[in-house]
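Build out the structure end to end from the sequences listed, making use of the hints.
Going down the list, the protein sequences come from chains A and B.
In the working numbering, each residue carries its 1-based index in the first sequence increased by 10.
In the working numbering, each residue carries its 1-based index in the second sequence increased by 552.
Be a bit skeptical, because a hint or two may be false.
[Claimed, not checked] Each pair of labels, with its calculated beta carbon distance range:
#, chain 1, residue 1, chain 2, residue 2, range
1, A, Glu176, B, Ala560, 41 to 49 Å
2, B, Ser962, A, Val156, 22 to 30 Å
3, B, Ile732, A, Lys145, 47 to 55 Å
4, B, Pro1021, A, Val156, 56 to 64 Å
5, A, Val37, B, Gln895, 34 to 42 Å
6, B, Lys650, A, Leu113, 37 to 45 Å
7, A, Val156, B, Ala651, 36 to 44 Å
8, A, Val160, B, Lys650, 56 to 64 Å
9, A, Val160, B, Lys935, 17 to 25 Å
10, B, Val714, A, Val178, 25 to 33 Å
11, B, Leu563, A, Leu164, 17 to 25 Å
12, A, Gly66, B, Trp1039, 30 to 38 Å
13, A, Ile63, B, Val714, 16 to 24 Å
14, B, Leu563, A, Trp101, 47 to 55 Å
[To be verified] When the alpha-carbon atoms are kept at most 20 Å apart in a straight line, the in silico PhoX-like pairs for lysine-lysine are as follows:
#, chain 1, residue 1, chain 2, residue 2
15, B, Lys847, B, Lys835
16, B, Lys794, B, Lys842
17, B, Lys773, A, Lys106
18, B, Lys798, B, Lys847
19, B, Lys773, A, Lys141
20, B, Lys798, B, Lys842
21, B, Lys650, B, Lys935
22, B, Lys798, B, Lys835
23, A, Lys141, A, Lys106
24, B, Lys802, B, Lys773
25, A, Lys141, B, Lys935
26, A, Lys145, B, Lys935
27, B, Lys838, B, Lys798
28, B, Lys773, A, Lys98
29, B, Lys798, B, Lys773
Think of the hints as simulated: they come from the structure by calculation, not from any bench.
The C-beta atom is built at its ideal place from N, Cα and C for all residues, glycine as well.
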Amino acid sequence: MSSLATTPAKRPTGEILFALVFVSVGVAGLATAGSIPIPPSETGIGPRAFPYIVCGMLVLCGAGVVLQVLRGKVGQAEDSEDLDVTAKTDWVALAKLVGFVVLHIFLIEPAGWPVAAAVLFSGAAWSLDAKPLWKAITVSVILALVLQYVFGGLLGVSLPPGPLLEGVAFFHG
Amino acid sequence: MLLLEGFATALQPVYLLYALGGVFVGTAVGVLPGIGPAMTVALLMPITYALEPAAALIVFAGIYYGGMYGGSTTSILLNTPGESSSIVTALEGNKMAKAGRGAAALATAAIGSFIAGTIATVLLTFLAPVVADFAVGLGPVDYVALMVVAFLTVGALLGASVLRGLASLALGLFIGLIGIDDSTAQQRFTFENPTLVDGIDMVLVAVGLFALGEALYVASKLRHGPVELIPVSKGKNAWLSKEDWKRSWKPWLRGTFIGFPIGTVPAGGADVSTFLSYAAERKLAKGANKAQFGKGAIEGVAGPEAANNAAAAGVLVPLLTLGIPTTATAAMMLTAFQRYQIQPGPLLFENQGALVWTLIASLYVGNLMLLVLNLPLVGLWVKILQIPRPYLYAGILVFAALGAFSVNFSPSDVGILLVVGILGYFMRRYGYPVAPMVVAMILGPMFEVQLRRSLQLSQNDPTALFSSPFALVVYVSMALIFVASWWLRRRQAAVEAAPAQEQVSV
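Written as structure tokens, this is what we have:
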């Protein structure tokens, strides 16, 4: 069994909130599905019926999970090879990772894909306690250049090389 | 004869090189801990973007088989197995490796995979055209029935929690609704947002759920410290002995004939078949061999590994002939096909015969390459398993971002990837299976089209959905599958409890 099930002291607030996400997506869908236009030529069940069914299903399943959790039947967290199920959730590492992905998104166009990728890699490795840091940064630069060469140069995937590498021919398709 | 033409294409030196590359990359990525076959296919999709269709399909055939096989190496050699389709292999394979018989376990897995993969591909070669001929006669009502079965088996049957599986399914259906309605060209749930009008790309959702979600989830509870690997011993005792061959060949064949049929029906693909094969071998073993179960019985590796690969080929039957993916991996394959304007379904063999037969021929080739590559390269796979975890998960993030960006070369797609990834994180955390969401997202729009077509033909009479004999047969079989699954689930719990008890008593 998972750590969630074996630690009875843990209150399943998060799990209930997540189940309510399903319910609210369903409710929002039910509320807006009525405004999907139906063309006058339509003779079948039209474009609204299936959205109603799907959103109804979301509401029912989400509510069902909430009931189950309230009765004490919490979800069984997924297992994985590198997972330490006894560890506490490291929210700081998660926030750092999400932050570096956001940074990556904003770097791709102004700085070029290789720079954005190197920042994402070294940032993520740092968030996960890679030591020493200079090694992670070296690896990230090499990896970013190799990927840019293989995908941008050899495979013809048009990754923007950015102002730094603009002049290097083999980084283009 | 068409197969021969397929071989003529697949055996061209350039294509052989593509197949080799696909198998190699597929296995290398599949070996990485935490990366299952579906994630392998999703992550490696950008590699094929620039290739022509035939080359891309060949690379995919290699990635598909390589990714399937890579997982078994992980579960045999790594102390902490996790991936579901190879978890049964881990039961015995891990024990064998600990007893110094890791090389034998890897060998019986590789040879079993090859034999099962080859026989299953032969079965696919003969069965697929027959099923396609039959499927030409199926109407929308029949497709509705088949897809209902696919939804329910993937959503309700396979996960630990029926409600969470169905919730995941519904969310996938909802995301599939976003965009323009296929039948009436009306916008649905787009909120006048130009990025949503085209719908959300399947690749973003799959990579987000499988790669980013998994990386975030593992990062949140990363096991620190050195990677615990079981050393692969060398020497005369390590390789398959005569006794091992004798004990392996029957499980290989049994695994094949358990795996292939289960792969072809929408009943869960690889996971179910490996478990069934394991249970069968455990039951059939006699004497001293039986006592070895739970302590490293070679039959327990040979059978499930063969079943796993045979099921992987079986899954291609409904995928190619009906266009219905029954596993998350198959859903990824379908996405890849659609990128090349290849629409699997009954007409595929007529319209794009040359391509399909090239694909099937390259399955044979890929299988052989898997065998040739795997045994000599065990040392390399061990090295890959030892990649320090911060680098591994940082690399997965970079690859996921690359895959998302290269769909449309738009940074906002990476933003969608991040949102889906965070969703995937919480789904894992709270025990929601992600596979139903991926399958639902791709099957949902097809299902709606067929459902509306059926109802239009019958003037909106819902009883028409049960009017065709084929659909009735499908619904009745579904009921039977559900009854059988209750029984199986109880058995599975018993089997999983048994080795644990033995460990306690030692």
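Inset, instruction - Mind listing which of the numbered hints don't hold for this structure, in increasing order? - result: Violated hints (numbers, rising): 8, 10, 24, 29; every other hint is consistent with the structure.
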